Amino acid sequence: MLRFLVNRILQGCVLILIVSMIGFAVINLAPGGPLSQYAMTPGMSQADLDRIAHQMGLDRPLPVQYLDWLGNMLTGDWGRSYRDQSPVLDVVWRHLGATLLLMGTSTAIAIALGTMVGVLGALKRYSIFDYMATVGAMIALSIPTFWFGLVAIFIFSLELGWLPAGSMYTVGDQSLGDYLIHLIMPSLVLALVNVAIWSRYMRTATLDVMHQDFVRTARAKGLPRWRIVSAHIVRNALIPMITLAGLQLPTIIGGALVTETVFTWPGLGRLFIDSLGYNDYPVIMGLLMFSAILTVIGNFLADIGVAFADPRIRLG
Amino acid sequence: MSDPILSVRNLTIRFKGDGRETQVVHGVDFDIHPGETLALVGESGSGKSVTSFALMRLLPEAPRCRIDGQIRMGGTDLLALTEPQMAAYRGPRIAMIFQEPLTSLNPVHRVGDQIAEAIRFHRKMDRTAIRARVLELLRMVGIPDPERRMMAYPHEMSGGMRQRVVIAMALALEPELLIADEPTTALDVTVQAQILDLLRDLQKRTGMAMLFITHDFGVVAEIAERVMVMYSGRIVEEGSLGAVLERPRMPYTSGLLASVPRFEDAGQSKGPLGTIEGFVPSPDKLPAGCSFHPRCPQFRPGLCDQRMPELLPHGRPAHPVRCLRAPDLSLVPEVPA
Ligand SMILES: Nc1ncnc2c1ncn2[C@@H]1O[C@H](COP(=O)(O)OP(=O)(O)O)[C@@H](O)[C@H]1O
Ligand SMILES: [Mg+2]
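Going line by line, the protein sequences match chains P and W. So the first sequence is residues 33 to 348, counted in the working numbering. So the second sequence is residues 236 to 572, counted in the working numbering.
These are computed hints drawn from the structure, not numbers from a lab. Some hints could be false.
Derived DSBU-like pairs: lysine-lysine, alpha-carbon spacing no greater than 35 Å straight-line [claimed, not checked]:
hint, chain 1, residue 1, chain 2, residue 2
1, W, Lys-359, P, Lys-156
2, P, Lys-156, W, Lys-520
3, W, Lys-251, P, Lys-156
4, W, Lys-439, W, Lys-359
5, W, Lys-251, W, Lys-439
A quick note: this is a predicted structure, and the numbers were derived from the prediction, not measured.
Let the sequences and hints guide you as you build the complete structure.
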């Protein structure tokens with residue numbers, strides 16, 4: 033167990049280090065660069081630009097800049113946003129809640145619904161239900177999320193006027209009910225694709241388990257069907273899904289990107305898009321690091337979860 | 236003779252898949268009487284497992300698999316029961332142990348819980364009573380230190396120990412009939428002997444009847460009183476242990492017998508063991524006439540390839556044999572004597 037922990041922490045550090053180097057290099061070598069935000073300002077001379085570059089330390093060699101940035105990051109100073117000079121960690125933190133609310137809701141819906149659809153589809157393979165679930169998943173996966181989002185806004189906000197077209201709350205209201213009303217459309221639109229993915233994986237996992245010998249043994253014991261399905265089939269089929277859930281953790285940034293943009297949801301995905309538009313490099317780097325850290329944590333939690341759910345797996 | 240506890244009549248099993256239907260069991264009849272051990276013998280692929288799964292109704296559901304005929308137990312036709320009604324038979328009336336001890340247990344549950352589960356859904360017993368029963372069962376099947384072993388997961392046990400757990404599970408509700416589908420095939424030889432001893436001993440103690448399935452005549456002699464030989468989904472010879480082993484009338488039976496190493500012969504090499512050449516035909520490509528004729532050393536053209544022989548009494552003592560040549564052949568087991 034201790035060896036597992038040490039191993040994982042080391043692995044995680046190496047991964048984060050590599051991601052940070054690649055990210056830093058790409059951002060600084062790409063055309064544009066940190067100075068491009070000033071270059072457009074009217075009346076800005078080359079001398080002015082050089083002075084700003086010097087102030088920001090941008091005239092030093094890239095490795096030096098990187099080490100400087102790395103040292104600061106390790107001490108908790110992730111730099112300041114070019115946009116409003118607030119610390120990057122604060123900026124990320126401010127947007128994290130909105131994303132967690134949206135992703136948490138939609139992931140809960142996706143897992144609950146996807147598991148049910150997947151298990152039922154496998155148990156009643158080749159039935160009308162299974163056929164419809166398969167076709168439905170294909171449709172959900174092949175139509176882009178923004179299209180669904182825009183159509184949903186068109187129907188339920190513009191035409192019917194039932195639901196707000198975007199943002200997380202009504203300024204001046206902010207009651208629980210108000211949050212929920214705003215949450216419905218984006219979380220369902222976002223859940224749609226995840227239900228499709230989750231149900232497909234769950235169907236395969238269930239089919240795998242269903243035909244194993246121990247399920248036959250369970251039937252030979254004269255157990256009721258619900259017990260065979262819950263304690264023997266689903267219980268085992270969920271084990272590989274834990275890994276999938278762990279892999280999905282870092283997608284809370286990228287996963288909601290489109291949805292957050294369509295529904296003007298003030299989360300990390302929106303923050304990323306906006307920061308790209310402003311060439312706000314410290315925030316972009318911060319989000320990249322955040323995503324890498326979530327990947328490490330997601331994997332770690334998944335491994336612990338699998339070891340917890342499957343007595344054959346030992347951590348180490 | 237007492238009434239049979241299980242009575243199978245004209246059992247016919249067909250699988251449907253890829254748009255065609257394959258019949259794998261063709262009108263099998265047999266009875267099992269209280270307390271007896273009936274062996275079902277035949278090479279791999281002859282339909283033994285499918286037959287035994289049909290008795291437990293463990294085969295795939297209706298469109299994929301069709302079972303016809305009757306399986307009577309105490310006046311009830313098991314094939315006519317609904318699934319929940321059948322579930323009430325599995326365990327207290329008829330139980331089964333399987334060929335693969337390594338995969339027959341659920342890897343994520345403790346073995347004690349898996350045995351308890353077999354009791355919990357049939358009997359209204361409280362936790363302490365169930366726990367006591369689980370410990371008793373584990374002791375009965377010869378698992379040492381049962382308090383500790385009941386907490387183990389299947390992967391922490393050897394194949395032999397796992398098979399003992401499966402046996403404990405099957406015996407938890409004292410079934411009238413235990414079906415054992417090649418319970419020792421996957422185990423190594425010393426463990427095989429232990430499990431056979433255990434089953435024999437348990438049967439004596441509980442008085443249950445047993446349908447013992449095997450491809451190995453050596454095992455049959457150890458455990459059975461009556462023998463049925465199956466080939467390509469049909470019973471081809473049936474009788475008391477003495478009649479079938481000492482005086483087989485069907486060339487397939489004597490071929491199987493010849494491939495069993497005899498204890499007395501050990502050490503004195505008398506040439507290679509006899510084997511039957513060729514393979515069990517696939518159920519969708521059965522030859523015309525007697526299914527065994529392409530492999531039969533006694534094959535007579537124009538006779539054996541013309542019609543399927545019926546199961547008729549032959550030999551001394553007379554017992555059912557499915558062979559057109561039975562009247563004019565006197566077979567001894569083809570073992571160098
Ligand atoms: N689920 C199934 N679907 C189709 N055919 C099957 C199925 N199970 C068994 N069979 C076929 O039935 C025949 C008898 O198999 P089985 O009863 O397992 O033989 P045995 O136990 O005597 O070795 C084999 O030809 C096998 O391929
Ligand atoms: Mg078999």
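Hints, verified against the model:
Between W:Lys-359 and P:Lys-156, the direct Cα distance comes to roughly 32 Å. Compliance with the 35 Å bound is thereby established for this hinted pair. Distance restraint check for P:Lys-156 and W:Lys-520: the Cα-Cα separation of roughly 31 Å lies within the 35 Å cut-off, and the hinted pair is therefore satisfied. The hinted pair formed by W:Lys-251 and P:Lys-156 meets the criterion: a straight-line CA distance of about 17 Å does not exceed 35 Å. The suggested pairing of W:Lys-439 with W:Lys-359 holds, with an alpha-carbon distance near 27 Å, which does not exceed 35 Å.
With a C-alpha separation of about 41 Å, the suggested pair W:Lys-251 and W:Lys-439 falls outside the 35 Å cut-off, and the hint is violated.
Hint 5 from the list above is the single one not met by this structure.
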